[in-house]
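Q: The lines below spell out each chain.
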Amino acid sequence: MNYVPKFLNRESRATPAERWLVGLSAALIHVTRRSRVHPYQWGRVAGVRYLEQSITMHYTSGVSAGLRAGGGYHIFSRDWMQVPQEALEKTEGALVTEAKAGSAEAFEDLVNRYERKIYRLALRLTGNPQDAEDVLQETFLKAFEHLPDFRQDSRFYTWLVRIAVNEGLMKLRKRRSDKSEPMEDGVDDDGQVMPREFRDWKPNPEQLMSQEEMETLLMNAANSLPAGLRTVFFLRDVEELSTEETAEALNLTAGAVKARLFRARMRLREELAKVLKRE
Amino acid sequence: MNALTCKEAFQEISKYYDGDLSEDLKRVLQEHLCKCGHCKVVFDTTRKVIELYCDGKLFPMPSVVRDRLHQALRRKFEGKPL
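Just so you know, the protein sequences line up as chains A and B, in that order. At the far end of the first sequence sits residue 279, using my numbering, and the numbering has no gaps. At the far end of the second sequence sits residue 361, using my numbering, and the numbering has no gaps.
Hints may contain errors.
Claimed, not checked - The following label-pair restraints were derived from C-beta to C-beta distances:
1) A:PHE150 with B:ARG347: 30 to 36 Å
2) B:GLU310 with A:THR91: 14 to 20 Å
3) A:GLU240 with B:ARG347: 33 to 39 Å
4) B:ASP346 with A:GLY93: 50 to 56 Å
5) A:GLU213 with B:ASN281: 42 to 48 Å
6) A:PHE150 with B:GLN309: 25 to 31 Å
7) A:SER154 with B:GLN350: 25 to 31 Å
8) A:LYS100 with B:ARG306: 44 to 50 Å
9) A:ARG278 with B:GLN350: 46 to 52 Å
10) B:ASP303 with A:VAL275: 24 to 30 Å
11) A:GLU240 with B:GLU357: 31 to 37 Å
In short, the hints are calculated from the structure, not lab data. Being a predicted model, the structure only gives us computed values, none of them experimental. Don't be surprised by glycine CBs; every beta carbon is placed ideally from N, CA and C.
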């Protein structure tokens, strides 16, 4: 016969101690199921390290999407037993310090962390997979070569982005000299960029076309902009660099970054509206 | 604070997404958007532009590209010519 704890047996009376124990367990389960913080991190809630990890999780991990969507660690799920990978990862700063001290493994960890983002940025800037791969390789090879010069007064990722942007723009300049493609034409002209298309878009356009069709649409729209505009758009709106970081990476003033970003958004909106607007 | 014209609203929409608007200006912009369908479309679709380009599923890095990158890096680590 299965053992049934006395306090679960309706026919018996629970002692005050048992009732207290049940109440405490229920409260613990309730708090844990409601919590959006893994128990592993509870001890760090007040600490800077927790904040840093939360930010990392928020921006880099699908975990955050689940948490923001209302999920949480469930006391009966396997998550209870698993420490989130992000919590175990070294900080960017620690990896850079180790890499600067000569650890190839630490540098490779940094590469693993940022290679996809740098590839995407390179592809968006150049609009060409072969050029994007060249930019990706050159970026990390140059970063490794010049790592001793990196002073760690800015984020490593921002430094990588700056190298990638320089490499990407060099590719574009070369292509321009080969084919006379415009690069900066119209970037800073004083003509007003005003919306012309006021029809709303179809709802959820990303569900109306295949991933490949959407990539082609976005790529073509971006390529219709001068490189000076689309670079600012990708750094600010996609890579989420600050205005100041973008200005520093591109040798522009903060005002020029804001003006270019406005123009880029408006022009992309017009380009995409040609396909995405309601009939 | 005075009401915005559409031309002013377009500029403020971009500043809104930059996080550069004061609470007062946000309120004035919201009031304008409630009254002006055209500007509301510009506001919504500008956000959609940003969302579409931020979709992390798009433009994945092919595994062969990753393999070639790591091969090049290992040669660099070992001081071999690339």
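Q: Work down the list of hints and note, for each, if the structure agrees.
A: For each hint, the structure was consulted:
PHE150 (chain A) and ARG347 (chain B) have their C-beta atoms about 24 Å apart, which leaves the hinted 30 to 36 Å range violated. Taken as a hint, the range 14 to 20 Å is violated for the pair GLU310 (chain B) and THR91 (chain A), whose Cβ atoms sit roughly 44 Å apart. Against the hinted window of 33 to 39 Å, the Cβ-Cβ separation of GLU240 (chain A) and ARG347 (chain B) comes to about 28 Å, which falls outside the hint. Remark: the range hint 50 to 56 Å for ASP346 (chain B) to GLY93 (chain A) is contradicted by a beta-carbon distance near 28 Å.
At about 44 Å, the beta-carbon gap between GLU213 (chain A) and ASN281 (chain B) stays in the expected band of 42 to 48 Å. Distance hint for PHE150 (chain A) and GLN309 (chain B): a CB-CB separation of about 44 Å, inconsistent with the stated range 25 to 31 Å. Distance hint for SER154 (chain A) and GLN350 (chain B): a CB-CB separation of about 29 Å, consistent with the stated range 25 to 31 Å. Roughly 49 Å separates the CB atoms of LYS100 (chain A) and ARG306 (chain B), a value that falls within the hinted 44 to 50 Å.
Against the hinted window of 46 to 52 Å, the Cβ-Cβ separation of ARG278 (chain A) and GLN350 (chain B) comes to about 49 Å, which satisfies the hint. In this structure the supplied range 24 to 30 Å is violated for ASP303 (chain B) paired with VAL275 (chain A), their Cβ-Cβ distance being about 37 Å. At about 35 Å, the CB distance of GLU240 (chain A) to GLU357 (chain B) agrees with the hint of 31 to 37 Å.
In this structure, the hints that do not hold are numbers 1, 2, 3, 4, 6, 10, in rising order.
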